[in-house]
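Enquirer: In case you want the letters, here they are:
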Amino acid sequence: MNLSGISPEVLIAALMVASTPILLAAIGELVVEKAGVLNLGVEGMMIFGAICGFAVAVETGSPALGFLGAAAGAAALSMLFGVLTQFLLSNQVATGLALTLFGLGLSALVGQGYVGVTPPAMAKLDLGPLGDIPFFGRVLFGHDAMVYLSLALVAAVWMFLNRSRAGLILRAVGESHDAAHALGYRVVAIRLGAIAFGGACAGLGGAYLSLIRVPQWTEGMTAGAGWIALAIVVFASWRPWRVLLGAYLFGGVTVLQLNLQAAGLAVPVEYLSMSPYVVTILVLVVMSSGRGRAALNAPASLGRVFHATT
Amino acid sequence: MSDVLLSIEGLTKAYPGVLANDAVSFDIRKGEIHALLGENGAGKSTLVKMIYGLVRPDAGRMTLDGRPYAPASPHEARAAGVAMVFQHFSLFEALSVAENVALGMENPPPMRALAHRIREVSETYGLPLDPARVVGDLSAGERQRVEIIRCLLQEPRLLIMDEPTSVLTPQEVEILFATLRRLAGEGTSILYISHKLEEIRALCDRATILRLGRVVGRADPQALSARELAEMMVGQELMTPSRPPAPRGEVVLDVAALSLASPSPFGTSLKSVTMQVHAGEILGIGGVAGNGQDELLAALSGEMLAPADAIRLCGIEVGQLGPTARRRLGLLAAPEERLGHAAAPDMTLTENALMTGAVRQRLLNRGFVRWGAAREFACRIIERFDVRTPGPEHAARSLSGGNLQKFVIGREILQRPLALVVNQPTWGVDAAAAAAIRQALMDLAAEGAAVVVISQDLDELMEISDRFAALNEGRLSAPRPTAELTVDEIGLMMGGAHDMEVAHVAG
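Note that the protein sequences, when read in sequence, are chains A and B. As numbered in UniProt numbering, residues 1 to 310 make up the first sequence, in order. As numbered in UniProt numbering, residues 1 to 507 make up the second sequence, in order.
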């Protein structure tokens with residue numbers, strides 16, 4: 001085994017890239033859940049975003065348009081969930097699961113013509129002399145625009161939820177939809193908006209996989225990233241900065257196990273591959289053990305069907 | 001310039017199958033406290049929802065200060081100067097006081113300024129409140145202060161209060177009334193909804209009485225007795241529950257130093273609760289909601305397990321037994337929440353009768369249900385307790401609150417318990433059904449059962465219980481004979497006024 005081949009700066013830089021798809025999806029789902037909606041369809045929206053983004057980028061030659069297409073496509077898919085759960089009052093858990101299966105199938109269908117195609121490359125942001133700083137240049141300033149966008153999004157969501165009136169109303173809806181309705185807030189409209197935002201974020205996360213991280217289209221390429229994103233929202237107890245921490249922790253374990261595999265660690269590859277998922281489960285177990293709902297900070301109306309009685 | 005603030009003419013609202021309001025007309029004058037009286041289902045809530053813009057009337061019109069007034073949403077109502085304190089709090093438990101207040105305002109100032117304003121207004125009206133506290137940690141009385149202050153910050157011209165005193169101690173009620181009188185003195189009109197008649201007689205200038213969606217009378221509440229008002233409200237003569245005095249028997253239910261943590265983060269833990277209930281006796285347990293009532297019921301029914309020797313039934317240790325085992329021994333319970341706790345809403349009355357009656361009524365045969373016997377048991381409950389339903393095959397959800405409550409209580413009483421624990425037996429039940437339920441509980445005690453009635457309705461407890469104890473923050477006061485208690489003493493047993501400052505109001 002040769003650990004000297006693992007360089008910390010490459011590791012950290014790779015970790016940020018590996019974490020970005022999950023981070024994007026998780027921060028979107030956080031907003032959805034703060035509004036009191038449990039959308040388990042993140043995986044389906046991610047993979048649909050991955051193929052939408054891939055297809056648009058290939059057809060137009062512009063990765064930026066690809067990302068826009070991914071956000072729009074996945075948001076449109078999330079509206080299917082929105083209409084079913086908010087207007088037809090279907091069960092959120094079942095509908096979310098169905099959305100994942102539907103997204104996986106639909107993306108495979110749309111992606112038939114794109115297998116083996118290489119997408120246009122996204123230019124790295126050239127930050128000039130900043131990129132030449134030893135260590136930090138590579139770690140902090142050597143990424144593509146989406147990495148920075150994802151970080152900005154975490155900050156923006158935190159600002160929105162904790163500092164703005166609109167964010168307060170969104171949290172209020174997630175806390176008690178009946179009380180919010182009695183005060184005259186439009187529960188369904190606010191929730192639809194949150195669901196669409198969550199869909200768009202998941203789509204961006206998916207497109208980051210297919211356009212930058214891999215970059216290629218293969219069926220089922222999200223490989224459970226959407227589920228990890230859902231777990232990270234719980235891990236973060238619905239706090240934006242902790243979503244960042246959770247996503248980077250997961251990304252770190254992923255990258256580290258790849259490096260350990262390359263270094264020839266004498267552990268079967270299967271154990272290393274499963275390690276990020278095992279860590280996620282362990283963290284969830286520790287987080288959830290012996291604590292009440294409030295300690296976990298979960299929105300009180302999470303997953304409950306809202307039906308205005310008046 | 002007239003002195004009428006809000007004038008309502010011919011307001012009508014129909015829901016499928018029900019005419020909730022039928023051509024309701026009345027006026028509210030400037031600076032008056034106007035009572036809206038009526039039974040549950042009389043249409044009071046629908047009427048105020050129309051005034052507050054939550055429901056649109058089918059016909060009729062309203063004028064506010066001489067101008068047509070037809071709010072399409074609560075936002076418009078608030079902009080016009082109408083504010084409302086809800087019966088079931090419209091508060092968000094996980095948010096802070098200041099955030100809750102901001103949500104109820106049209107154009108809230110920045111948080112820091114708002115916190116300052118909350119302090120200022122709350123002290124002016126003698127309702128101290130810390131804007132940074134999380135609402136989930138507040139007592140019911142404090143929560144109501146949040147609602148009232150949310151309204152006051154908007155300087156309303158009309159303040160609607162929907163049954164505001166149901167969760168307050170008598171001392172807190174006094175302070176609330178002082179605040180309301182002061183507001184009225186400053187020119188604010190108050191529409192006060194309640195079915196507590198003594199309060200209305202003490203507080204209100206005029207009353208409008210609703211029955212089945214119609215205005216059936218207008219009265220000066222100070223000129224009439226509570227009984228006359230009640231009979232106008234119900235439309236018939238009321239019977240008062242009574243029972244012959246019975247000798248007190250052996251101790252049936254013995255609870256010794258019961259301490260239990262609440263399973264819910266906003267719940268109240270029980271702290272060394274001790275009580276002995278004798279055969280033939282009704283022990284009334286009062287207290288403001290959220291002081292451990294739900295936990296006490298769960299601990300007695302067996303939903304929450306306790307140390308084995310903390311609860312004894314006729315000398316047998318039952319603390320470690322679950323609900324079914326306790327039922328078998330004769331300790332029965334009926335929780336507060338009818339739909340979802342006492343009864344499964346979408347299951348039929350037969351199935352609901354089976355659920356608690358299976359053991360004592362022998363409705364099972366080697367693990368198989370004896371449907372015929374279960375149905376017969378349900379029919380007996382329906383007949384004996386005058387439950388208005390087409391038959392036992394109808395879902396529990398289809399019954400009105402009062403009828404379902406009669407069914408739920410009747411189901412336990414017919415099982416001839418040695419000890420029965422009920423929580424809020426007449427909550428949200430109309431006066432006639434409430435009287436029937438109280439009578440049934442008294443009959444049960446007269447037959448020799450030990451009965452524990454947990455309730456927030458003090459009048460009810462004074463009427464039916466032999467001894468009274470109060471729950472305050474999970475502690476139970478020592479039970480005292482009801483006959484020798486005054487309202488002030490009861491208030492103090494319930495925890496007094498929760499640090500409200502009477503002095504400010506008087507000043």
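Honestly, the hints are just simulated from the structure, not real lab data. Beta carbons are placed, not taken as given, at the ideal position from N, Cα and C, and that holds for glycine. Please note: incorrect hints may appear among the correct ones.
[Claimed, not checked] Just the calculated beta-carbon pair ranges, DEER-fashion:
#1 B:E376 - A:A166: 56 to 62 angstroms
#2 B:M347 - A:F87: 51 to 57 angstroms
#3 B:R366 - A:V83: 45 to 51 angstroms
#4 B:A256 - A:S289: 31 to 37 angstroms
#5 A:V83 - B:A256: 18 to 24 angstroms
#6 A:A145 - B:E186: 47 to 53 angstroms
#7 A:L65 - B:A79: 25 to 31 angstroms
Enquirer: Would you mind marking each hint as holding or not holding in the structure?
Expert: Taking the hints in turn, this is what the structure says about them:
1. B:E376 - A:A166: 56 to 62 angstroms: Given about 58 angstroms between the Cβ atoms, the range holds.
2. B:M347 - A:F87: 51 to 57 angstroms: At 28 angstroms between Cβs, range violated.
3. B:R366 - A:V83: 45 to 51 angstroms: Given a distance of about 49 angstroms, which is inside 45 to 51 angstroms, the answer is holds.
4. B:A256 - A:S289: 31 to 37 angstroms: 32 angstroms, holds
5. A:V83 - B:A256: 18 to 24 angstroms: 57 angstroms, violated
6. A:A145 - B:E186: 47 to 53 angstroms: Given a distance of about 59 angstroms, which is not inside 47 to 53 angstroms, the answer is violated.
7. A:L65 - B:A79: 25 to 31 angstroms: 44 angstroms, violated
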